[in-house]
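Take the given structure of chain A and dock chain B to it, following the hints.
Below are the chains, spelled out letter by letter.
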Amino acid sequence: GENVEQHPSTLSVQEGDSAVIKCTYSDSASNYFPWYKQELGKGPQLIIDIRSNVGEKKDQRIAVTLNKTAKHFSLHITETQPEDSAVYFCAASRGNNDMRFGAGTRLTVKP
Amino acid sequence: NAGVTQTPKFQVLKTGQSMTLQCAQDMNHEYMSWYRQDPGMGLRLIHYSVGAGITDQGEVPNGYNVSRSTTEDFPLRLLSAAPSQTSVYFCASSYSQGTADTQYFGPGTRLTVL
Chain A
30 GENVEQHPST
40 LSVQEGDSAV
50 IKCTYSDSAS
60 NYFPWYKQEL
70 GKGPQLIIDI
80 RSNVGEKKDQ
90 RIAVTLNKTA
100 KHFSLHITET
110 QPEDSAVYFC
120 AASRGNNDMR
130 FGAGTRLTVK
140 P
Chain B
878 NAGVTQTPKF
888 QVLKTGQSMT
898 LQCAQDMNHE
908 YMSWYRQDPG
918 MGLRLIHYSV
928 GAGITDQGEV
938 PNGYNVSRST
948 TEDFPLRLLS
958 AAPSQTSVYF
968 CASSYSQGTA
978 DTQYFGPGTR
988 LTVL
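Here the protein sequences come in this chain order: A and B.
First residue of the first sequence? That's 30 in the working numbering, and the numbers climb one at a time after it.
First residue of the second sequence? That's 878 in the working numbering, and the numbers climb one at a time after it.
The following block holds chain B by itself, in its conformation from the complex:
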């Protein structure tokens, strides 16, 4: 049971480039989410999904796209990277779709946009 996995671990982009951060979980969780972590600001929710085919915006969605074609995978896309998107990104999953419950976090992707 690998839990939540994320790739890549590190990435450097130039302004305007695009990329996809991968996230997968093998716990059959319906709820998945993406957070960004910036110094002194804790974690902020970017997008979330309550099941395959269903996604919605979180607190800071601008500049990011998501899709959920399977229960296991929840990729995060940056269409045109900006320096303000330099951050550490965490994917998380939870058994509960609505009621707040334990979230299991991946190891993170450290992204630098030059």
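If we strip away everything but chain A, and leave its shape as in the complex, we get:
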């Protein structure tokens, strides 16, 4: 089955700096790669996703890149703000019922 590895496990940046979180996956058939943000005491919430027919996707300060050959994808957050502080999860799947999540990255944005 799919195996997703996520790095780093913790990341601390100054407000205004950029943050990058990286994930690798093992199943070359995976074609959907979402990123979820989880705030303390809440459920994960989708912030951006990318499908395998696209190399990059951007939504305001958030971007995701996908390298299918190397089987890795990354989340980029620019101009970080304190409200970006949360745990971020990557995932990879072929369908809803085989989604595998990374272990998570705790991002802290220091004002």
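Keep in mind the hints are simulated off the structure, nothing from the lab.
These figures come from a predicted structure and were not determined experimentally.
C-beta atoms are modelled at their ideal positions from N, C-alpha and C, and glycine is treated no differently.
One should not assume that every hint holds.
To be verified - With beta-carbon atoms standing in for the labels, derived distance ranges:
#1 Arg80(A) to Thr947(B): 27 to 33 Å
#2 Gln43(A) to Thr947(B): 46 to 52 Å
#3 Thr882(B) to Asp88(A): 23 to 29 Å
#4 Asn939(B) to Gly70(A): 23 to 29 Å
#5 Gln74(A) to Ser957(B): 31 to 37 Å
#6 Ile91(A) to Arg987(B): 25 to 31 Å
Here is chain B on its own, set in the frame of chain A:
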């Protein structure tokens, strides 16, 4: 539109007790699922359903039962709780039944088994 709701928010059980975690959604989503979240392990799929009357096992189904009698509700049952089931449980729903798509998560139930 409440989205995905879960009850209770917190629960403490003794080993061997049974309980049902409730999950409901008001988005008319056909696909619903249950995950458990453990420290350092991300989320793991327990059971899922692609519609009323249809359920199937995920990655870690042992010790859990589900049923889906309506589109809205998808309860998770622990028949005989074990300390290894101490975790945070999330219910999720999605419009798509097969193709991977956005999953909407509930707020979670924190379960402790003593």
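Hint check:
1. With their beta carbons about 31 Å apart, Arg80(A) and Thr947(B) fall inside the hinted range of 27 to 33 Å.
2. Checked against the hint of 46 to 52 Å, the pair Gln43(A) and Thr947(B) passes, with Cβ atoms roughly 49 Å apart.
3. Range check, Thr882(B) to Asp88(A): about 27 Å between beta-carbon atoms, so the 23 to 29 Å window is met.
4. Hint check: Asn939(B) to Gly70(A), Cβ distance near 28 Å, so the stated range 23 to 29 Å holds.
5. At roughly 33 Å, the beta carbons of Gln74(A) and Ser957(B) sit within the given window of 31 to 37 Å.
6. Roughly 29 Å separates the CB atoms of Ile91(A) and Arg987(B), a value that falls within the hinted 25 to 31 Å.
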